[in-house]
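Undergrad: Chains as they are written, first to last, in full-length UniProt numbering: chain A, 1 to 490; chain B, 1 to 490; chain C, 1 to 490; chain D, 1 to 490.
Honestly, the hints are just simulated from the structure, not real lab data.
Among the hints, a few may not be true.
A pair counts as met if it fits within one copy or between any two copies, since identical chains are not told apart.
[Said to hold, decoys possible] Here are the simulated DSS-like pairs of lysine-lysine, each with C-alpha atoms no more than 25 Å apart in a straight line:
no.: 1; residue 1: K227; residue 2: K473
no.: 2; residue 1: K95; residue 2: K392
no.: 3; residue 1: K227; residue 2: K207
no.: 4; residue 1: K446; residue 2: K484
no.: 5; residue 1: K227; residue 2: K446
no.: 6; residue 1: K446; residue 2: K319
no.: 7; residue 1: K319; residue 2: K349
no.: 8; residue 1: K230; residue 2: K54
no.: 9; residue 1: K107; residue 2: K57
no.: 10; residue 1: K319; residue 2: K447
no.: 11; residue 1: K95; residue 2: K199
no.: 12; residue 1: K319; residue 2: K291
no.: 13; residue 1: K473; residue 2: K319
4 protein chains.
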Amino acid sequence: MIQFADQKQEFNKRPTKIGRRSLSRSISQSSTDSYSSAASYTDSSDDETSPRDKQQKNSKGSSDFCVKNIKQAEFGRREIEIAEQEMPALMALRKRAQGEKPLAGAKIVGCTHITAQTAVLMETLGALGAQCRWAACNIYSTLNEVAAALAENGFPVFAWKGESEDDFWWCIDRCVNVEGWQPNMILDDGGDLTHWIYKKYPNMFKKIKGIVEESVTGVHRLYQLSKAGKLCVPAMNVNDSVTKQKFDNLYCCRESILDGLKRTTDMMFGGKQVVVCGYGEVGKGCCAALKAMGSIVYVTEIDPICALQACMDGFRLVKLNEVIRQVDIVITCTGNKNVVTREHLDRMKNSCIVCNMGHSNTEIDVASLRTPELTWERVRSQVDHVIWPDGKRIVLLAEGRLLNLSCSTVPTFVLSITATTQALALIELYNAPEGRYKQDVYLLPKKMDEYVASLHLPTFDAHLTELTDEQAKYLGLNKNGPFKPNYYRY
Amino acid sequence: MIQFADQKQEFNKRPTKIGRRSLSRSISQSSTDSYSSAASYTDSSDDETSPRDKQQKNSKGSSDFCVKNIKQAEFGRREIEIAEQEMPALMALRKRAQGEKPLAGAKIVGCTHITAQTAVLMETLGALGAQCRWAACNIYSTLNEVAAALAENGFPVFAWKGESEDDFWWCIDRCVNVEGWQPNMILDDGGDLTHWIYKKYPNMFKKIKGIVEESVTGVHRLYQLSKAGKLCVPAMNVNDSVTKQKFDNLYCCRESILDGLKRTTDMMFGGKQVVVCGYGEVGKGCCAALKAMGSIVYVTEIDPICALQACMDGFRLVKLNEVIRQVDIVITCTGNKNVVTREHLDRMKNSCIVCNMGHSNTEIDVASLRTPELTWERVRSQVDHVIWPDGKRIVLLAEGRLLNLSCSTVPTFVLSITATTQALALIELYNAPEGRYKQDVYLLPKKMDEYVASLHLPTFDAHLTELTDEQAKYLGLNKNGPFKPNYYRY
Amino acid sequence: MIQFADQKQEFNKRPTKIGRRSLSRSISQSSTDSYSSAASYTDSSDDETSPRDKQQKNSKGSSDFCVKNIKQAEFGRREIEIAEQEMPALMALRKRAQGEKPLAGAKIVGCTHITAQTAVLMETLGALGAQCRWAACNIYSTLNEVAAALAENGFPVFAWKGESEDDFWWCIDRCVNVEGWQPNMILDDGGDLTHWIYKKYPNMFKKIKGIVEESVTGVHRLYQLSKAGKLCVPAMNVNDSVTKQKFDNLYCCRESILDGLKRTTDMMFGGKQVVVCGYGEVGKGCCAALKAMGSIVYVTEIDPICALQACMDGFRLVKLNEVIRQVDIVITCTGNKNVVTREHLDRMKNSCIVCNMGHSNTEIDVASLRTPELTWERVRSQVDHVIWPDGKRIVLLAEGRLLNLSCSTVPTFVLSITATTQALALIELYNAPEGRYKQDVYLLPKKMDEYVASLHLPTFDAHLTELTDEQAKYLGLNKNGPFKPNYYRY
Amino acid sequence: MIQFADQKQEFNKRPTKIGRRSLSRSISQSSTDSYSSAASYTDSSDDETSPRDKQQKNSKGSSDFCVKNIKQAEFGRREIEIAEQEMPALMALRKRAQGEKPLAGAKIVGCTHITAQTAVLMETLGALGAQCRWAACNIYSTLNEVAAALAENGFPVFAWKGESEDDFWWCIDRCVNVEGWQPNMILDDGGDLTHWIYKKYPNMFKKIKGIVEESVTGVHRLYQLSKAGKLCVPAMNVNDSVTKQKFDNLYCCRESILDGLKRTTDMMFGGKQVVVCGYGEVGKGCCAALKAMGSIVYVTEIDPICALQACMDGFRLVKLNEVIRQVDIVITCTGNKNVVTREHLDRMKNSCIVCNMGHSNTEIDVASLRTPELTWERVRSQVDHVIWPDGKRIVLLAEGRLLNLSCSTVPTFVLSITATTQALALIELYNAPEGRYKQDVYLLPKKMDEYVASLHLPTFDAHLTELTDEQAKYLGLNKNGPFKPNYYRY
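Using the sequences and the hints, build the whole thing.
TA: Here it is as structure tokens:
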């Protein structure tokens, strides 16, 4: 939503680690964020051999993959089957594709988190006619058993949990640098895959019909490429589609803020005083949930319109300084940096919980806490006590990184919406007639956004009303949509 | 929000009543809508003489006005003073204008509801340097005592409660057709004033710097003029500013649905089954309030995105037919026509309440109830029982017109936001350098929208946070806004 | 709920007005409380003749009644018919009584508010076999047209709106002092009828089988009689039944606080800061509603248990002094006196609204505002501005009397529960075998409380589950209830 | 709350396992319930030696304890210190006891869950002057590191996680069967300790001043003993105190239902259809939370009063059969048995989640699912898929045992209330003058209940209002409470 002007510089400032192959650019920030998922429930195998040094074959004899342990395939398959039950939209797409194959001939290279839900997406793309090769967009997030199941099912997957930075780029390279196979579509999450191809195989873009990018960071990079006139294929920004925005931000955060706090601290919400910094979609979701659970919520804002919304929704709008001494919890959701400073941290009361639901790890000035007079004590996974000389301790969650990614799980249903949007964007770009899309960044057409939504309604046993001819004429609308002007705010 | 393609035809179809002066076009629909306000609390004078036939002077000897009874001025003044206390933003504008007069030289002709809040606006425009002449945009909505107070204070006001159609146009004409005075700004609500000048005094537009229009209907007319190439001055659409939208629709309807239902029916909300047709801003407001009061709410929608929002917000999404037999209340908020048909009405259970919060009076097919076999019984003001041959009765509110306009009052605070937006739009258009605005319809610049919001924050004792230089740079924002891209959804 | 120890003294202190007949005791406080009802929507006849001086007959020739105007009967009948539709429980009792008449032989004298709902109760008692004579328990609350409809239907009703104190006792006397008719049951609301019989016709108690009393005040008087050993018949306290308590207090106040504030002030709730004094059932209802509408609510309490509930429900618990300068609204619900003192009133900010939802008119020290330096301005019915020398004004509603009685209406459904409870209490006392009830005050048996609830479930189309034999045995319960121990808190 | 008439028989029916020492009565049900706690976050040591066979000494040389590993003491101490920060009431009691020691001379034998919170209680009792010996009331629930820390601090604790049934009774015996030490107070949770003393050392009761019992089951046993005339010392039922009831049931379940469902299923609540069986305090808490998170909630009830509350709170009241085919989640909170039968389970839709928040493990007929045609698949800890022949699977949580005990954690704050209540009950019984308490079961005096509440208010920075003398007189109350009659419902 927000333009991060100096992000690029920041990437450059990060200390570069040297891997086996030297790279002009280190691994992106998002690819090293910690990430919790069902993986945390499974025992990681104790085998310390690098997958790159193993010889593995799937039951059909193929060895065109690199995963932790192909033998975990069966367990992974079960996880995938469970996910399928909550991803009805993709399953519906598969069903519709039994006749025509809208992705016949598509050669998709993908770089995303590798989870059961991604597996359902990947196998759906396969069912729609595409060939896929896949790497992970994060070195921690791969579910090894799911990767195994995909490999067993014939998908060339190159990913495991706990890759080194060098492994990370090696895996990506194995996806694109293949004899006799060249991708014509890119599905990216964070922009690392796109970046790699730009750097190493710029000629590949001649055959590529388009890029579908999901993340804020990746979209930002694409807009920068576009501004610089360097974007050489059409790109679809699926991050800003309405459905995804509302689900990933408002609805998902409404639930994950509670989950993240409970799993880390077992705290009781009732009666707790909380300050939420920022009242965008994420802040709105956090505030609504905490108020509903009986917390007393204060809000800080810089934007007077969002501020007025907070007032009307029943939250006192304050400056952080006004309440910092009294609150039990501080939550940042601004997309900004240094919203919680060392000065704030110094003034918090004993046992105050501090966490971040917003952007990356910039919002809380965690670095300022790494000073000799303060003692850090890791009390649980993702939970640190930072202790002042006088004994005061604050409870810092996930070291200031995203609480919901680190300490709660994302419901499959949310991922289903994202995955469906990605699939439709791929179909749209792949099948678009010459000239519909230029070398620019596009939003998903509203009609497809509406289509994604409609595919998810059966989950709720929801019944949509249809316009009569007379009504459609009265409203000047097509009966099949789109139903709203582009500027509609929902 | 929605394009009403055939609205113009509809206007033409309405049977024209012939007044003293024959008009090419009858009074607009909105100008005859019933309207409840503080007026309903005051005794209307029994004097039956038409104001047009009376000779009245204010205490300074002026007779350049036409109101019901100039002697009610003192009572009206008190109402205006009460309103001033809840319109802090306009009072702030007055204070800031003590030095410079941003509207010095402006000659504004206005056509709006004439209420205490409008009076505060008008007197603010005066304090900012403008000369004003004013008529009513609705034949029922004028508060006579407020009109009297304005006339006493030297404002040429031409309006009273219960004008005839001929009176309506006569009043408008008295505002513009003046010796030695010609307007250079138009403030309109519904488009009738603009229409009149187009018809009768097209040459006036040469001196007019711009039109500020508030209503859906008036904005629609302006866009049509613009499309037809007939708009000859810049126009500002203040209807679609974020602040106004959220307040007039979401927040205001959240409160007025309860108020309207209580004042008309004294019903208890707890446990009632309600179906709300449409989940736009108005529907969202109605649903939130009724759910909070313990009603069980069902939603109907045609748009899958809004439908999905309804699901996530905890409402069962149904077709009207599925629940029509069981619900206690039916509320329409679609902007559509014939959403509730005679067939639906036939199937409702005894005592079902039917009302409209959406667009004009089209949503419920009230005409279909005017058949011989059904008996109408007026049980209270704005409340009819329609009785079926078998004794079943449904409770129809405001004959299907807007419940919140007819049966509840609009909080001054909401009107303050609208009035401030109007004042700022007038200032912007009046002071804009040549060329900034062409002969087109414009939205209020986001920065001014943010300014309106910021002027209303002190009401809530709300304290906005300011960006540090470092943060502003990080976000790539100006510290004074605007803070969001244009497509931001709030 | 709370014992008001010095209430009796207070009655004695009130200056006695001398009526036509001198009385040893003045009219009770509750009988002169202002009271708003549907009556406020009807034009009161201009006829100034006292009903006591009129000769009126109903269409059957009877003149055993005294109402304002027997000709209003038809209009009153329609109001009664509308009320019948929302009092399904009484209608169900009528239906069941088509065979047996559980009140055959009962001669009931009643003294309650005379409204459409009471009329449904009275006619139900008639249908169950009882003879009734009725007076009003409040000099303002009688709906003249309803009284007329009852008189027309043969019920000896003695009541009109705007009785003098002398009229009040005269009406009561006309109910009990009749040739050839002596009551054997009393239905009282406030205790004035009971008091009158004690004073004037103590011998009547020989034939009286019991008293059913509804109000806090009346119940308090009965317990005092009982303690003093002067209660000579069994009495049923229907005020403290669960169903009545929760509906009259929690649920009804949840809705009426919003209604009362809107009708008097047209204020917007969103973002307003409110302090609610007292977190009993009434306070809980007020807080829940205001929070749901987006107000920021503070609570004061003296009881640490209720205080802890307020905390857990998400309200900041404060002393009134801490927030009195900042709040927009002060609401009292304590049952206590002088909760809001002149000192508090002096410190409130301009435009602060002050109102009482609690007990009688003691909570706000209104008397302290009647000093020369303060100006009172009546701005609307039930709304006064009290103006300080510096121009600050506070908005006092209903002069500190009960807001919901004075400025909102009580939903029929709530009254239905009370009326059904009264009817069942009468049946129980009338039919109880000798010895079941002594000369004491009783609560309604829990099973009858459950029965009242069950009679109201069909309104919500609610389907109760029945215990299987096995389950009933497991729980040690009778399948038909009672289902809870007496101390259960609901 | 509910009398379980045949519970005793059920205990007898349970298959007796034979331990090293044969017992006349097997371990109680509650003592084998699974139990999740912070323990699940700590690695259990791999040492398989039974603690009974180990020789351990604490740093002061004592070996009067039996725990898993005394070396974990330091880690346990940190957990205790963290808990102390959220148990302000007990810490306040310690502070007040610096002068007088209200438990000086008390010899308390305890049998409870052994967690950090219990440790804070135990060490508080020590600070108040008591000597304590302690065993666990559940074979799974002991936190080994906490037990170690207590032993290190000189408390004779006999407990470890994963005791056998024989271990269980052995530990209890080691607490009471000591040379030269005889308990004079009992603190029990479930009644097993009390039962053991009755069976083995009945003479001990001569010196015992009283029993404090916390659990429903234990209280039930005490009432049975009392009825049978076998209770030979006073007993305090702390289970039914208001504060504990509201916290353990309403407020705690409001939070733990969400936590339990998230941790086991990662489901999204928004838009889900849920049926909650039972609308007591637990049901009310579950319903409120799920509604707040956007679920659509149906309720079943047998009691018409609770049913009417559900209606007024906005839930459709249905029979389970009406909605069983459509719901996504079934939650039982009835205290009843076989509320969800095999027939219901057969009709549920695919992926329906079934869980129990009510009583023990009786509510869902889990036994009926253990038939050959159904396949059970354990997909996660506490999560089973039960698969029908046609592929339909339902998701059964915690095998039908209590979801919140098994799959979520209990906030320390709730435990603080319980622990404080226990401490005060011990003080009251220990210091009560001869004759205040007989050989019967007592509720905690309301004044002490209020005291517990007041000790917890500082957590919320809550400020209680004090009655003025005049107000106390007016209300007939003591300024220090108790503030409500015994029947008050809160």
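Undergrad: Since the copies are identical, ignore which copy is meant and state whether K446 and K319 lie within 25 Å (CA to CA) inside a copy, between copies, both or neither.
TA: between (38 Å within a copy, 23 Å between copies)
Undergrad: Regarding K95 and K199, is the shortest C-alpha distance of 25 Å or less found within a copy, between copies, in both, or in neither?
TA: Neither: 39 Å inside a copy, 60 Å across copies.
Undergrad: Treating 25 Å as the Cα threshold, decide for K95 and K392: within, between, both or neither.
TA: between (59 Å within a copy, 20 Å between copies)
Undergrad: Go through the copies and call it for K107 and K57: within, between, both or neither, with a Cα cutoff of 25 Å.
TA: Cα proximity of K107 and K57: one copy only (23 Å, versus 68 Å across).
Undergrad: Treating 25 Å as the Cα threshold, decide for K319 and K349: within, between, both or neither.
TA: both (17 Å within a copy, 22 Å between copies)
Undergrad: Checking K227 and K446: alpha-carbon separation at most 25 Å within a copy, between copies, both or neither?
TA: both (24 Å within a copy, 24 Å between copies)
Undergrad: Tell me, please, which holds for K319 and K291 at an alpha-carbon limit of 25 Å: within, between, both or neither?
TA: both (19 Å within a copy, 22 Å between copies)
Undergrad: Reference check for the pair K473 and K319, CA-CA at most 25 Å: within, between, both, or neither?
TA: between (50 Å within a copy, 20 Å between copies)
Undergrad: Checking an output row: K446 and K484, CA cutoff 25 Å. Within, between, both or neither?
TA: both (8 Å within a copy, 21 Å between copies)
Undergrad: Between the shortest in-copy and the shortest cross-copy C-alpha distance, which are at most 25 Å for K230 and K54: within, between, both, or neither?
TA: For K230 and K54, the Cα distance exceeds 25 Å both inside one copy (39 Å) and across copies (72 Å).
Undergrad: How would you classify K227 and K473 at a CA-CA limit of 25 Å: within, between, both, or neither?
TA: between (41 Å within a copy, 19 Å between copies)
Undergrad: Is it within, between, both or neither when you check K319 against K447 at 25 Å Cα-Cα?
TA: between (41 Å within a copy, 22 Å between copies)
Of the hints listed earlier, those the structure fails to meet are numbers 8, 11, in rising order.
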